[in-house]
Amino acid sequence: MAIAVRESLGPPTLGPGVPALRARDVVKRFRSSGKDVQAVSGVSVAVQRGEIYALLGANGSGKSTLIRCFSTLLEPDAGAVTVFGLDIHDDELAVKRLINRVSVEASFFKKLSAMENLVYAGRLYGVPAADARLRSREILVRLGIAVARHDEPLEKLSRGMQQKVAIARAFLTSPALLLLDEPTTGLDIRSKREVQTFVRDLRDEHDATILLTTHDLDEAERLADRIGVLHEGKLVAEGTAAELAGRYGTRGSLEDVFMTITGKKLEELAAGDGDAEEAGG
Amino acid sequence: MIAEFATQAGLAYAFVEREVALMKRYWLWEVVWIIYGIVTSLSVAFIGIAAPAISGNQVDPATTSRFVLYLLVGTIAWRFMGLVFENIAEIIAWERWEGTIEYTFMAPVPRLTHLAGMAGGTIVRALVFSVTTLFAVMLFIPVDLSHANALSAIVMLAVGTVAFMGLGIASAVFPMLWTEKGLQMAYIVQAIVLLVSGVYYPTTVLPGWLQALSVISPATYVIEGMRRALLDGADLAACWPQVWPALLVGVLSIPIGLRAFIAAERYAKRTGRLKRSG
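The listed protein sequences correspond, in order, to chains B and R. Using the working numbering, the first residue of the first sequence is number 1, and each one after it goes up by one. Using the working numbering, the first residue of the second sequence is number 1001, and each one after it goes up by one.
Bear in mind the hints are in silico, worked out from the structure with no lab data behind them. For each residue, glycine too, the CB sits at the ideal point set by N, CA and C. Among the clues, some could well be false.
[Said to hold, decoys possible] Taking lysine to any residue and the SDA-like style, the derived pairs with C-alpha atoms no more than 25 angstroms apart in a straight line are:
| hint | chain 1 | residue 1 | chain 2 | residue 2 |
| --- | --- | --- | --- | --- |
| 1 | R | K1269 | B | D36 |
| 2 | B | K110 | R | E1017 |
| 3 | R | K1024 | B | V147 |
| 4 | B | K111 | R | D1232 |
| 5 | R | K1269 | R | W1027 |
[Said to hold, decoys possible] Which bits of chain B does chain R cover? Going by a derived footprint, with three or more residues having C-beta under 8 angstroms, they are:
| hint | segment |
| --- | --- |
| 6 | 68–80 |
| 7 | 95–101 |
| 8 | 123–131 |
| 9 | 203–217 |
Next comes chain B alone, as it looks inside the complex (with noise of 0.2 angstroms):
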């Protein structure tokens, strides 16, 4: 079954090598505690339309605040961030017609059903409410949740639930790009597998701009066209899997490229470090 979203919002034209989404020496910092905390410092980044990229790297690193920059959340210190050539700043609102983000927690009225959370989610970005019944019945059925279960309120559905909510609700919007923060974190092998799916099939049936975040290796590996490993607010490695394989590691995995580049391994620095952009924000 195809993936039923909005064809009206689909990606703008783009002229000749405009990315999708181009950050340019992206800074943010936080006051924290009386002291100065650098979540990002100087990220350069350019997704190309109709890509996936996944932005891999341990919580603090600074991958929710970069998110967050380019979702209008937060407004960058310094550098300047573009959505297919629109300005996030100057051109916010064209900028939010055309994201949508799924945030590691779903964010949601917990006691209005999902149906009744993804009516409200659709009318805000235009679509009639008769439409977004009948897509949002199509996109929670694709992603494993019984029809039973759509009135029900949010509250009653388990946390794997809410999280293919949530991402039901960027993809009735029609994203042309969307920006997924840890999006299958908290959920099941098989609920992460769906997820992960169903990611692919909204790229490839689309055309739609995939930016996500996550400490899963093998998440990075299996979803993305091209890895971004962010430590400590910088971006310090980019390229294919086997690009940085090739480049870093020495028995060709991307744990490899990890404890290479940084001199630890992930499951230490996800363990270890508090959270620098949740400290400072």
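Here the structure of chain B is known, so what remains is to put chain R in place on it, guided by the hints.
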């Protein structure tokens, strides 16, 4: 132009529909607040009925009836405007609590449309509460509306709604900037407006410095105008001295409040405060 207005109206309706859906889901809480409002209004009305017993003086029934209506107009009009103020001032705090603030502020909806939609939902709620309270009170206490000019009263309430929307938008800035303290500040603003606006008494009984504050409170004019309309049957022309100051506050407070809100939103985006945990 018309097409653009229809688009914005459709976007604003999303918030109205959401608020009505939330009212249905939190229906037990809504019933609690309605009962609370009815009990408060009844308690105030009984103070009026007990005026002769409290003062130890003989008061003729017509005067008592007028006193009861005087108090009821104050309590119900304040309930209405207070709800408009609270719901709009709590926009940020409520979305933070639900965890939806990032999603709402990321949506491609102009801020004016967002706030207009929230105001629409709020007015629906405030009307349901106030009308229910009025009819419930009338079941317990005879309310003499034989001299009332309904049109003047409705216009006064409409003007008051606009003014309180502006105050609410301006006060919603506090929770945007200070997660917890901000909402406390908004409630303090509301409490001061209650004190100085002559909700239960003429403002002439206030100390001079509080009377100065009553001059800038739109509620002062709205409640005074509603009393003139409902107690004395004043028409719109007679209510004009109360209409124009309240209207002026509304005309000024909405653009000022909106500008302050947008400036606060920018500041929140620079400092990372636009998120669920503040």
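We went through each hint and held it up to the structure:
1. R:K1269 <-> B:D36: Status holds; Cα separation ~16 angstroms.
2. B:K110 <-> R:E1017: holds (16 angstroms)
3. R:K1024 <-> B:V147: Holds - the C-alpha atoms of V147 (chain B) and K1024 (chain R) are around 22 angstroms apart, at most 25 angstroms.
4. B:K111 <-> R:D1232: Distance of about 46 angstroms is beyond 25 angstroms: violated.
5. R:K1269 <-> R:W1027: violated (34 angstroms)
6. 68–80: Satisfied; 7 residues make the cut.
7. 95–101: holds (count 5)
8. 123–131: holds (count 4)
9. 203–217: Check failed, 0 qualifying residues.
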